Amino acid sequence: MSPLFALIARDIRLAVRQGADSMMVIVFFVLVVVLFPLGIGPEPAILARVAAGVIWVAALLAAMLSMDRLYQSDHEDGSLELLVLSPLPLELQFLAKAAAHWLTTGLPLIIAAPLLGVFLNMRAEGFGVLLAALALGTPSLSLIGGVGAALSLGARRSGVLLSLLVLPLFIPVLIFGVSAVDASLTGLGAKAQLLILGGLLLGAAALTPWAGAAALRQAAE
Amino acid sequence: MHRFANPTRFLKLISALQPWAMGVSVLCLAAGLYFALIVSPADYQQSETVRIMYVHVPASWMAMFCYSAMAGASAVGLIWRHLTAFVVARATAPIGAAFTFLALATGSLWGKPMWGTWWVWDARLTSVLILLFLYLGYMALEGAFDDRSRGARAAAILAIVGAVNVPIIKFSVDWWNTLHQPASVVKIDGPAIHSSMLTPLLLMAMGYTAFYFWVMFVRVRAEFNDARIQALRLRQTEA
Amino acid sequence: MGQFSGSGLGSYRGQRMVFRGLDFAVGGGDLLHLVGPNGSGKSTLLRVMAGLLPVIEGQISWDGAPVAQDRDGHRARLIYLGHADAIKGALSVFENLAFWCTMAGGGDAAAGLARFNLAPLADLPARFLSAGQRRRLNLARLAAIPAALWLLDEPAASLDTASEQVLEDEITRHRAAGGLVVMASHGRDPSDGTVLELDQYAANMADFGDAVL
Numbered sequence: 001m002s003p004l005f006a007l008i009a010r011d012i013r014l015a016v017r018q019g020a021d022s023m024m025v026i027v028f029f030v031l032v033v034v035l036f037p038l039g040i041g042p043e044p045a046i047l048a049r050v051a052a053g054v055i056w057v058a059a060l061l062a063a064m065l066s067m068d069r070l071y072q073s074d075h076e077d078g079s080l081e082l083l084v085l086s087p088l089p090l091e092l093q094f095l096a097k098a099a100a101h102w103l104t105t106g107l108p109l110i111i112a113a114p115l116l117g118v119f120l121n122m123r124a125e126g127f128g129v130l131l132a133a134l135a136l137g138t139p140s141l142s143l144i145g146g147v148g149a150a151l152s153l154g155a156r157r158s159g160v161l162l163s164l165l166v167l168p169l170f171i172p173v174l175i176f177g178v179s180a181v182d183a184s185l186t187g188l189g190a191k192a193q194l195l196i197l198g199g200l201l202l203g204a205a206a207l208t209p210w211a212g213a214a215a216l217r218q219a220a221e
Numbered sequence: 001m002h003r004f005a006n007p008t009r010f011l012k013l014i015s016a017l018q019p020w021a022m023g024v025s026v027l028c029l030a031a032g033l034y035f036a037l038i039v040s041p042a043d044y045q046q047s048e049t050v051r052i053m054y055v056h057v058p059a060s061w062m063a064m065f066c067y068s069a070m071a072g073a074s075a076v077g078l079i080w081r082h083l084t085a086f087v088v089a090r091a092t093a094p095i096g097a098a099f100t101f102l103a104l105a106t107g108s109l110w111g112k113p114m115w116g117t118w119w120v121w122d123a124r125l126t127s128v129l130i131l132l133f134l135y136l137g138y139m140a141l142e143g144a145f146d147d148r149s150r151g152a153r154a155a156a157i158l159a160i161v162g163a164v165n166v167p168i169i170k171f172s173v174d175w176w177n178t179l180h181q182p183a184s185v186v187k188i189d190g191p192a193i194h195s196s197m198l199t200p201l202l203l204m205a206m207g208y209t210a211f212y213f214w215v216m217f218v219r220v221r222a223e224f225n226d227a228r229i230q231a232l233r234l235r236q237t238e239a
Numbered sequence: 001m002g003q004f005s006g007s008g009l010g011s012y013r014g015q016r017m018v019f020r021g022l023d024f025a026v027g028g029g030d031l032l033h034l035v036g037p038n039g040s041g042k043s044t045l046l047r048v049m050a051g052l053l054p055v056i057e058g059q060i061s062w063d064g065a066p067v068a069q070d071r072d073g074h075r076a077r078l079i080y081l082g083h084a085d086a087i088k089g090a091l092s093v094f095e096n097l098a099f100w101c102t103m104a105g106g107g108d109a110a111a112g113l114a115r116f117n118l119a120p121l122a123d124l125p126a127r128f129l130s131a132g133q134r135r136r137l138n139l140a141r142l143a144a145i146p147a148a149l150w151l152l153d154e155p156a157a158s159l160d161t162a163s164e165q166v167l168e169d170e171i172t173r174h175r176a177a178g179g180l181v182v183m184a185s186h187g188r189d190p191s192d193g194t195v196l197e198l199d200q201y202a203a204n205m206a207d208f209g210d211a212v213l
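Protein chains in written order, with the working numbering: chain H, 1 to 221; chain G, 1 to 239; chain E, 1 to 213.
It is worth saying that the hints were derived from the structure and are not from the lab. Values in this document were obtained by computation on a predicted structure and should not be read as measured data. Accuracy of the hints is not assured; some may be wrong.
Simulated restraints on C-beta separations [stated by the list, open to error]:
1. H:Pro114 with G:Ala105: 22 to 32 angstroms
2. E:Asp72 with H:Pro114: 44 to 54 angstroms
3. G:Leu17 with H:Glu91: 37 to 47 angstroms
4. H:Phe127 with G:Ser196: 56 to 66 angstroms
5. H:Glu91 with E:Gln200: 21 to 31 angstroms
6. G:Val26 with E:Ala65: 54 to 64 angstroms
7. E:Asp72 with H:Met24: 37 to 47 angstroms
8. H:Glu221 with E:Asp72: 12 to 22 angstroms
9. G:Arg233 with H:Val34: 47 to 57 angstroms
10. E:Asn117 with H:Leu107: 19 to 29 angstroms
11. G:Ala231 with E:Ala157: 27 to 37 angstroms
12. E:Thr161 with H:Leu107: 44 to 54 angstroms
Heads up, the beta-carbon is just placed ideally off N, CA and C, and yes, glycines get one too.
Please put together the full structure from these sequences, using the hints given.
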């Protein structure tokens, strides 16, 4: 097995064996979405209007929860320095860890999203675009979040700090992600927004490995 | 530039420049405010409230300028390991954040009479708000480590990552249909604004820039003095 | 096999200057002992040799060529053993070692486990291991992954006498095959290699003067 896949496989194996983590993220996602009808009132028209935004923000917050775990245990048990010393380029390792994070956190969120669309009375025409937009947006979150996680390794209050760093950088993805669903619901078609989301993902995939690898080297010093 | 990686040389330079920065700043701000508040004409639609522009527009320019300076200094520090560059970046952050906040606040005060609303979520305002969060994130990250040099280097990476926001702010009014007006000064065809308004604008911008350098010099010198005091204290305990 | 050397080395850890003007040389089959009181920079020097910490002053070379020009090659030829054991509790003993073998580009995990008497524990989840067993699992990398340069930081910590002997045998075997070893170790008899006393190179921040804040 190549080192790249070995790294992804190890992370997935760890996530599966320590299974509670993924489940907690999904439960948090559902919980946050459930809070909204309780908070803003159950009137179906209002819920339908805010459904896309609420689901996106809830997904964002749920993914943030699992993000600081990404490098924490490697940093604490000394694996990080061995990874930095591996022949496999650290930038590729960053991509591998982001991929594993998406598979164990982003993908479950996408699967849970339609159920939450039902809670928020979202119209059925929006579901397809919602899933497509989340499929393009959540990998960006794993990538951008990975940079934040690497930067805040070893910092005080790293959990809150991580959110403070990552959420502003994620705002463009959020804006276009919600806009895609709203556009499809009003019949305008979401092609432009989905293309931009794809572009943001490609941009993130190209730029974040540099920043993430630099941050990991600093943390391993 | 590499000559000034040496802290002593750098400190000598900025100590010499500091009184000039102060002088230019005071003079330009005084002249700029005179032209802005008294000499320049009132707008035919907005009457006197247009004068907020002379505070708001240069503040926005400074918000972007300071971030670029911060990102540039961070890059220099990471590439060549010049620690003085990190000190400059660290000193710039709160000044840039203050200018950003000033731009947002004065913009809001101007928006109410001009557009009828305190805030709108268009591309320009949203991206400047993100800029403010980037500044705050930079300062938070920098101060979150017990090891100061680790904080400086981590924050440097963040500054460079966030630099992508600056061109987005500049071109947001061109790329999107925004409530905020399009560019009138820094355009390819040259400024589209009359000199009676351009002069105070540029004077204020120069005043703000000199002000930035003045305050940045003060902060850098203060940090070096702090480090010296600490080193002296450490040497006392070892002696 | 190779020549590993450094000249005029200076580096810091955190905000403390640790050593300055340090020279060392290790040849094929040699063992270099790093000796000095706590805080003198043994761990720091090993990390600088591995490339984890940057070289602030001076230069490190392999076979005469500066390591800075071939960082990838340098990482590929060394095994670094730090204080921490780099073990994931949720993976089995075998899975832990097999992972590091794959990341290093090849190695024999089963042979490594056998050498350090961990073969009976191969399928046990690593969280059940004792401190000594964890150390042996970390050391098993030395036996499983072929590499020319060993950088060992207190390798015998938490080991019992029998396991220490296994480690000694491994070091002897590696040196006989032309491998290089740099080791920081408390209480080990340094008579069979060259000794580098670190406190003669001690420096503090004030000495470093201008460049460091």
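State the violated hints by number, sorted upward, taking the hints as numbered earlier in the document.
-> 1, 5 and 10
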